[in-house]
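Undergrad: So the sequence lines, in the order shown, correspond to chains A and B.
Here the working numbering is used: the first residue of the first sequence is 372, the next is one more, and so on.
Here the working numbering is used: the first residue of the second sequence is 15, the next is one more, and so on.
Worth flagging that the hints you see were computed from the coordinates, not collected in a lab.
Hints are not guaranteed to be accurate.
Below, computed lysine-lysine pairings styled on DSSO-like, alpha-carbon distance capped at 27 Å [to be verified]:
hint, chain 1, residue 1, chain 2, residue 2
1, B, K369, A, K586
2, B, K383, B, K369
3, B, K163, A, K462
4, B, K373, A, K586
5, A, K586, B, K447
6, B, K163, A, K453
7, A, K517, B, K163
8, B, K163, A, K586
9, A, K453, B, K118
10, B, K163, B, K105
11, B, K105, B, K383
Under 7 Å between C-beta atoms, here's a sample of chain A residues computed to sit facing chain B [to be verified]:
hint, residue
12, T536
13, D555
14, A559
Take a look, some chain B residues computed to stay more than 10 Å from chain A by CB distance [what the hints assert, rightly or not]:
hint, residue
15, L34
16, L49
17, G66
18, Q116
19, L210
20, I340
21, H374
22, G380
23, F433
24, F443
25, R454
26, I459
27, F471
28, Q493
Backbone N, C-alpha and C define an ideal beta-carbon position, used for all residues, glycine too.
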Amino acid sequence: MLISDMFDVLSFALMICSIAIVGCQRIVTAIRILALQSFILGGVAIATAYRTHVTELYGIAFLTILLKGIIIPWILHFTMRKIGLYRQTEKVFSREWSILISTALLIVGYSAIYRLGLNDTYIEKQYLPISIAILLIGLFVMMTHKKAVMQGIGLIVMENGLFLTALSMTYGMPSLVEIGVFFDVVVAVVLISTLTRRMEQMFQSTNTDQLRRLKG
Amino acid sequence: MIELWVVWTPVLTACILLLLKERSKMEWIHIAGSLATTAFSLRTVWDVLIHGAIESPGGFFYVDSLSGVVLVSIAIVGFTAALHSISYIRKEIQEGSLQYNQIKRYYVLFHLFIATMVLVCMVNNMGMLWVAIEATTIVSAFLVAIYRKGEAIEAAWKYLMVCSAGIAIALLGVILVYASSVRSLGSANEVLNWTLLHSATNHLDARFMVLAFVCIMIGFGTKVGLAPMHSWLPDAHSQAPAPISAVLSGVLLNCAMLGLIRFGIVTSHAVGAAFVQHLFIGFGIISIFIAIPFIIVQQDFKRMLAFSTVEHMGIIAVAIGIGGKIGWTAALIQMFHHSMAKSMLFLASGNIAQKYHTKHIARVSGIMKVMPYTGVVFLIGGLAITGVPPMSIFTSEFGIITAGFAQGHAVLASTLVLFVAIIFGAMMFHMAKMAFGEKRERMDIGEVGRLSTVSLFIPLAFVLLLGLYMPETGQQLFQQAMLVIEGSGK
Chain A
372 MLISDMFDVL SFALMICSIA IVGCQRIVTA IRILALQSFI LGGVAIATAY RTHVTELYGI
432 AFLTILLKGI IIPWILHFTM RKIGLYRQTE KVFSREWSIL ISTALLIVGY SAIYRLGLND
492 TYIEKQYLPI SIAILLIGLF VMMTHKKAVM QGIGLIVMEN GLFLTALSMT YGMPSLVEIG
552 VFFDVVVAVV LISTLTRRME QMFQSTNTDQ LRRLKG
Chain B
15 MIELWVVWTP VLTACILLLL KERSKMEWIH IAGSLATTAF SLRTVWDVLI HGAIESPGGF
75 FYVDSLSGVV LVSIAIVGFT AALHSISYIR KEIQEGSLQY NQIKRYYVLF HLFIATMVLV
135 CMVNNMGMLW VAIEATTIVS AFLVAIYRKG EAIEAAWKYL MVCSAGIAIA LLGVILVYAS
195 SVRSLGSANE VLNWTLLHSA TNHLDARFMV LAFVCIMIGF GTKVGLAPMH SWLPDAHSQA
255 PAPISAVLSG VLLNCAMLGL IRFGIVTSHA VGAAFVQHLF IGFGIISIFI AIPFIIVQQD
315 FKRMLAFSTV EHMGIIAVAI GIGGKIGWTA ALIQMFHHSM AKSMLFLASG NIAQKYHTKH
375 IARVSGIMKV MPYTGVVFLI GGLAITGVPP MSIFTSEFGI ITAGFAQGHA VLASTLVLFV
435 AIIFGAMMFH MAKMAFGEKR ERMDIGEVGR LSTVSLFIPL AFVLLLGLYM PETGQQLFQQ
495 AMLVIEGSGK
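For reference, chain A alone in the conformation it holds in the complex (with noise of 0.2 Å):
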């Protein structure tokens, strides 16, 4: 196969697991799949390593496939383990109309950045506007969910989708800060978990609608 074929199917794959994410009926599908996504960056920076000859990048690989493809499920799977396993997500919006939405932050992404008029390198054309997209999708997830849980996944996507802008814009962040910023990622999720367990302790419920006292 062709290293240009292979970055086709990736970035359909990446495409696919965003939309999918967004219409996920369970929570713990949800965090699987986000697992999927983020093997598959893991799998796009490899690709980037191995066309650009950049090899800081393959240990940036090896980081996300750790951090973001194990770690980050486990430790949400984890939550819902002590929560609950079987539940539901829950939207402002119905699934059908998740997925048209998300399928239209699609075009935005791919509009936008054609009218940025940037087409420098393939990995560039290729995967600038579906990170865009991925970046807007997860805000979507933050916006239009109301578990707690699935606005934390939400927060992964969007990180995601930066982890992608950076990676087709300029073969990766420096190391340093790459590396910051999945500690930075790691802690938050952490975080997201210790206050989803909270609150399920004091509400009886993860739905962010209990969270309506504080106001003016």
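Got chain A; can you put chain B on it based on the hints?
TA: Here is chain B on its own, set in the frame of chain A:
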């Protein structure tokens, strides 16, 4: 290497605290660590003042007088809050609001929080600056959630979600700056370094930088608490323990503002100053405007102070937007003075909340009779924060308004005067009602704790004295920091 110690001391203190078991030992280490951090920070700023900007070998750390201004406020407010914490936490244990393991978590996180803020001031790499600002959010969200109450969890959750999403957008901005920088300077780890970016800015791609700065303005603006992204701020500031509120409002926002200013300087070199200044003025004036109704109808005094913080961040943003030598200097002085006055008010409000067991304005009256020291400080703080002469904030606000007229922003400056006057009226109305009036029955007279009273006097000294007399070294620091913003200083 004195500057390395500024970052390592709070981290080391946190590690030692983690190992300790007895509360009294924790308190001693806590105070000693805080004192050391303060001493190292002040020493570093002193070195910057005398020798100019310091860059560590390898270029990871970089402190100039601009970050020096923020570092000084971290040093002073950090120490004051540390002192206040001891009394505050003892009282909370007595009341049964906090358990033993929560105290330990509080002290450890307090020092980590200080460490992340110091890091914001000291990193050279602008990507690491982003990492440090995001780290401050995460650590302080743990602190906001320290109470096991529904409201505290709600505040922490909103804080984490709003700020993380906002700051993710800022990361997109940082990536765009990096992309622009890589294109002109070549791929290397150093191309995001401040020392390189602000000297080689003319090569940056203007098209990228416009987009980048809009992202950064929204992202860091969320963290600064500029409207309309300020929604997390009143919740987090009112639910956190009082010393943490003081640090959040007093210096954390300054740290985020520092990031905003740094990127603003780089962008204005690449695309022209007008674009950056208009964004600052726009977000600033909206923030001041939005704070007004919330302050007028406010029922919770900690929330009132939080909205006053939104107002002040707006004033600082407007001042940076107005620019010019006077505008920038006044903005920096305002940042410092706001740190002093607002941290003092939050600490005093902590004493009031612990004494009256409420945060309702209507249920508090006669503070002057119940807690004479706190009452006086609270009232002076109120006068100071609303910009009454001869207190310190009057001088900087006067400078900002003068600069506004001088730079030809007559309408803007007049609006600013009007807004500040309305807020003065509203805040004094609430605070006078709390300070005077009859004390409630069955309320014994006396302060909450010795340390929580003593700690109020440190910021009070700055608030009272700096309005009348600014020492030579202070003037020099603000002057040099202004030159950094202008683009000619170090």
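Undergrad: Hint by hint, which ones does the structure fall short of?
TA: Going through the list in order, the structure violates no hint and respects every one.
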